[in-house]
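I would like the entire structure built from these sequences, with the hints used as guidance.
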Amino acid sequence: MVTITIDGTEVQVPAGELLIKAAEDSGTYIPRFCWHRRMNPVGMCRMCLVEVEGPRGIMLTPSCTMPVNDGMVVHTKSPTVEKAQEGVLEFLLLNHPLDCPVCDKGGECPLQDQTLSHGPGESRMVEEKRHYEKPIPISDLVLLDRERCILCARCVRFSEEISGDPLIEFMDRGNAAEVNTFPDEPFASYFSGNTVQICPVGALTASAYRFRARPWDLREVASVNPLTTTGDGVTVQASQNEVLRFLGVDNDATNHGWLDDRSRFGFEWIASPDRLATPLAKSGDGHTEVSWGEALGAAAENLSAVIEAHGPGAVAAIGGARGTNEDAYALASFMRSSVGSPNLDARLDDGLGTHLLSSLAGKGEIGDLETARTVLVWAADLKEEHPVLYLRVRRAAQELGATLITVHPTATGLADRATHTVTYRPGEGHDLLDRLRAGSGDLADVRAALDEGPVVAIVGRTGLAEDPALAEAVTAFARDLPQASVLPVVRRANTYGAIDMGVAPDLLPGRVAAGGDAGHTGWEKADTSVGLDTRGILEAAADGRVKALLLVGADPLRDVPDADLAARALDAVDVVISIDCFLTDSTAKADIVLPALGFTEKEGTVTNLEGRVMKVNRIVSGPGQARADWSIIDDLAARMGRPLGFESAEAISLAIAEHAPAYGGITWFLLDWKERDGVVAPRDGVEQPLQYIPTTSLRAVGSGGAKRGGFALHLGRLLYDDAVLTRQGASIADLAPGAYAVLNPTDADRIGANGHVEVDGHRLPLRRDASLAEGTVAVPFNQPDGPPLGGSSHVDVAPGAGA
Amino acid sequence: MIVEALTRRMNAHPTDSHTMERYLETGGYEAARGAITKTRDELVETVKESGVIGRGGAGFPAGLKWSFLAPARPAYLVVNGDESEPGTFKDRQLLERDPHAMVEGIIIAAVANEVHHAFVYIRGEYPKPARRVQQAVADAYAKGFLGKGIFGGDYDLDVTVHLGAGAYICGEETALLNSLEGRRGEPRLKPPYFPAAKGLYMAPTIVNNVETISNLPYIFGEGVDWYKGLGHEVDTGTFLMSISGHVNKPGNYEVVHGITWRELIYGVAGGIRDGKELKAWVPGGASAPWFVPEEHLDLPITKDETGKQGSMLGSGAVIVMDEDTDMVAAAERLVRFFAEESCGQCTPCREGTTWLDLILQRVLHGGGREQDIDLLMDVSDNISVGLGWPPKQTTICPLGPSAVSATLSLVKHFRHEVEEHIGRGTPVTISGVSS
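In order, the protein sequences belong to chains A and B.
Counting in the numbering used here, the final residue of the first sequence is number 803, and the numbers go up one at a time with none missing.
Counting in the numbering used here, the final residue of the second sequence is number 435, and the numbers go up one at a time with none missing.
No wet-lab data here; the hints were simulated from the structure.
Keep in mind that this is a model prediction, so the values were computed, not measured.
Check each hint, because a few of them may be wrong.
Stated by the list, open to error - List of simulated lysine-lysine pairs, BS3-like, C-alpha gap at most 25 Å:
{"no.": "1", "chain 1": "B", "residue 1": "392", "chain 2": "A", "residue 2": "83"}
{"no.": "2", "chain 1": "B", "residue 1": "412", "chain 2": "A", "residue 2": "83"}
{"no.": "3", "chain 1": "B", "residue 1": "48", "chain 2": "B", "residue 2": "38"}
{"no.": "4", "chain 1": "B", "residue 1": "48", "chain 2": "B", "residue 2": "228"}
{"no.": "5", "chain 1": "B", "residue 1": "276", "chain 2": "B", "residue 2": "412"}
{"no.": "6", "chain 1": "B", "residue 1": "249", "chain 2": "B", "residue 2": "308"}
{"no.": "7", "chain 1": "B", "residue 1": "392", "chain 2": "A", "residue 2": "77"}
{"no.": "8", "chain 1": "B", "residue 1": "190", "chain 2": "A", "residue 2": "77"}
{"no.": "9", "chain 1": "B", "residue 1": "38", "chain 2": "B", "residue 2": "143"}
{"no.": "10", "chain 1": "B", "residue 1": "198", "chain 2": "B", "residue 2": "392"}
{"no.": "11", "chain 1": "B", "residue 1": "228", "chain 2": "B", "residue 2": "198"}
{"no.": "12", "chain 1": "B", "residue 1": "276", "chain 2": "B", "residue 2": "38"}
{"no.": "13", "chain 1": "B", "residue 1": "228", "chain 2": "A", "residue 2": "21"}
{"no.": "14", "chain 1": "B", "residue 1": "143", "chain 2": "B", "residue 2": "128"}
{"no.": "15", "chain 1": "B", "residue 1": "128", "chain 2": "B", "residue 2": "249"}
{"no.": "16", "chain 1": "B", "residue 1": "190", "chain 2": "A", "residue 2": "83"}
{"no.": "17", "chain 1": "B", "residue 1": "48", "chain 2": "B", "residue 2": "308"}
{"no.": "18", "chain 1": "A", "residue 1": "21", "chain 2": "A", "residue 2": "674"}
What the hints assert, rightly or not - Chain A regions said to be covered by chain B (calculated; three or more residues, Cβ under 8 Å):
{"no.": "19", "stretch": "74 to 85"}
{"no.": "20", "stretch": "124 to 132"}
Every residue, glycine too, gets a C-beta built ideally from N, C-alpha and C.
Here is the structure:
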């Protein structure tokens, strides 16, 4: 810490900190447009000029580029400073159109605000302003108004420094300088919405929000991004009971204020006209609307009948990751206590082991990336599946100088920042791991880099056709690296929270292993044995051992990789009860459909991939008669004569704090008032019963699917796919690129493919990628009109007819 | 008053002074051959002793600049040949007619600064000088004066010649470095990006003007005493001055400092054409505040004296204006140049220079208002705080204040001409706004 004097007051600030930030953190706001605390300073707008006393007298200096040093004397409100600031504002306004009444930014505009606080009352310019065509769409989501632009370069710097896709740049010079995209190259970034949020004027606007509301008409709540597992802080804004906008909140622990575009603009499903608003009961080929009483009565009757005839184990539940922890706790209680079945799973056969996800001993945090010397990413392409984590890893490599190693069947979105890009043929991961462990051959450099700690390892399944046991082995290896911090990652929303709450075949609430003799308070009457996972449930359903399926926000026909197995299971069971927001392919087969409230319509907690528990909040009421999952489940349990007695989500949260050991002491009050960035469970002083240590001996377990052909299949996801919440968001629905097949050019030439290929008989456009391991075909999963390849690990590839 | 040092060879051999043969025949590359046997300290000390000041505009002592080079290596040498200050055309002559003197100077400067890769950045509008330099560099490689083990020793030195793309701002050293790296030609922030510490590719970098570098073979070849004996005791050596405008003999002249402006304009440059009266002159390139005969004609031409009078010798460009010059038009033309050449990066320069030009245009075309003089001064003040000299700028680099120089000179010395324009004009409507 050093002592500096700001406007006559001595303050203690961290040595070397930029003056503008040091001043702000100690209570003096210096106006600014270009400076942003998550980006490098450029000193361009000159709004933050202050006077600093120095050896050469008092100098006007931009405070955003000036590091503090001990004894520094600063004047932020002297007549010289005020005149300079007023001058800069007058300059900025010379060509600004002042179309505030029709500008989205009006009312929340830094240019408006600072003109009021620091600017001149009126302009002295009588000449004509600069004119441009306005607005011009620069991508599917963002429009650019160059007349409003004040050339602060925040968008330019964001795309260069943060997201790594520099598609928006300064062009021309002087008075003709403008921000624009390159000819014929749209601003096709997964992160373009962030530039709209950080634009200090209305130059960049989002098509999803344009002319929808005035800021002063918006209500807002703090919440958490429901579409990723990173736990991104968001502000949800609504007007007239409709969610209109998501803004990123600068959560130091997770997203640094950033959001990917799918998360930012994906909220439109909330107000979709296709939302379920009334309970439905099967009637012939379709459904008819029924009352809650009729629906729940029928559901309870059906489930009771199955239990009566086939035993509680014939009832199984799939899903629960789209709800809150409170919803999940209710579901786990219902299944294990009211029904008495251990067959429940929040994962959709695309995840990792629940013990690995929830209870890894010595699990890392995202913030560990800030101090990492080496980062290993052996997981899905983070840019596609964990976009905000991708930004954090990029930052570690690009801004903080960490050595980055990616291991994946292809080069990933991080390739331009990776020191080592290791690729391998799916199915050969264990061999690669052996070679990496030995540091043999061309992996010697990679191995050497991994010996430089602290190491952060991000581990997951690189694709859906890959053996999930590989991630266990990689984790076991990574845990032994110096000062290692391991983050096992899966993609779907609140998977971590649901598993932690016991929506898992082998876990009880609060990270307690099922099947043990651990006395779990409050669960004495429950079935605490190890049950079936989703794949097991579907297989049991297909061959008649499971008779009733409860789908909770789950669409197995689309979400489970082996769509064929899911279809056979749904056809075979006697009873399907679905709790969902939409009528999906799977819920369309349900006997009873119960309309659920979605995110922003209910209060509760969620848990991110670090195990960080965070509060989500309600701002709109749901459609029609939709209810929260917990409430539906509680009612169902009561009608089955096996009541749970939950009275509110908050009451459940208290039960969690009491009965789920690793969640001890984590209350809504704590999250609402004290720990706004969430708390990682378990809190200090609270014990986590299960401390999972993976071993390398798991390599024989499991496989990604059946070997059906000569090409190893890499089945990865893209950010935009055909999932229901994406399909239902108007702004992002059309952004999925559609299915295609990728081959190494050598393979493509060898088989004589050109233009198209046939993958297991499905004709797909061919792309070539020299980074893809030979003998491999990569196909994105769940794209519109994509082929059902999910059950395979190997497929046949033939040249497409009529190429 | 006119001397011959840097220009001796080109004057004696007007047809082939640029060739390797002629350069060698007139004693070329001997200074460099000697310099590579010396230590960095010895070489830097010699340059310090010679007192040679930078010829690019700022007039900073070259030896001192070299001594500031940070110790990290690699370090780079960049020769600034982006001669684009209006009125300046001296480097063109050196590049075109004596390129080997610069190449030899590069060798000396490189050895002195432990540099193994030097760059010559030549403005894009100089194709012929660039060709001559390319040829000279190629010839020097062929002779073994550049490349691996120069002069048969163990010192490696590569030289890359790069052409600019037509931006004035790339003459500013940090913008030049950005341009050389393939980025937008925008000045960097100082601090922290002082080239001597973090220059080209963030490595320690010496940036010297063509003329400065071309002086080195003479300093090392003829000796420091000879060099200091040439001219003024403080502003040592000779200076190439580019004289243009309403004089009888415009052109480049090699002179020593200490002579008066009268001697320069009326003696060296042959006086004002058609016997007209001298009205004003720009003493050191378009960025310099103007001088007027009643105050400045008999002052000696030295760096210090010019600075004391609130202007600068800059890059040695003198633009002479006679009694028929419309000073509002002259100022407007200069301000328009800076407005067009602003990189657009920082607000006061991007917006302020254009605004000054729009006001001057309006005044020039009959739309002037009484308050416009105050407005010009206040807008100027918002770019160059206090309107002092040297300027206290609100901008990143000195380009913005350069536009203020002309505006300020106009109002300071020729206020009545502005008032005449305002008084004569019928208020007219400009761009739909009543003035």
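Structure-based check of each hint:
| no. | hint | in the structure |
| --- | --- | --- |
| 1 | B:392 <-> A:83 | holds, 14 Å |
| 2 | B:412 <-> A:83 | holds, 22 Å |
| 3 | B:48 <-> B:38 | holds, 15 Å |
| 4 | B:48 <-> B:228 | holds, 12 Å |
| 5 | B:276 <-> B:412 | holds, 23 Å |
| 6 | B:249 <-> B:308 | violated, 28 Å |
| 7 | B:392 <-> A:77 | holds, 18 Å |
| 8 | B:190 <-> A:77 | holds, 24 Å |
| 9 | B:38 <-> B:143 | holds, 21 Å |
| 10 | B:198 <-> B:392 | holds, 24 Å |
| 11 | B:228 <-> B:198 | violated, 32 Å |
| 12 | B:276 <-> B:38 | violated, 55 Å |
| 13 | B:228 <-> A:21 | violated, 51 Å |
| 14 | B:143 <-> B:128 | holds, 23 Å |
| 15 | B:128 <-> B:249 | holds, 24 Å |
| 16 | B:190 <-> A:83 | holds, 23 Å |
| 17 | B:48 <-> B:308 | holds, 24 Å |
| 18 | A:21 <-> A:674 | holds, 24 Å |
| 19 | 74 to 85 | holds (count 3) |
| 20 | 124 to 132 | holds (count 5) |
Going down the numbered hints, you'll see the structure goes against 6, 11, 12 and 13, while the others check out.
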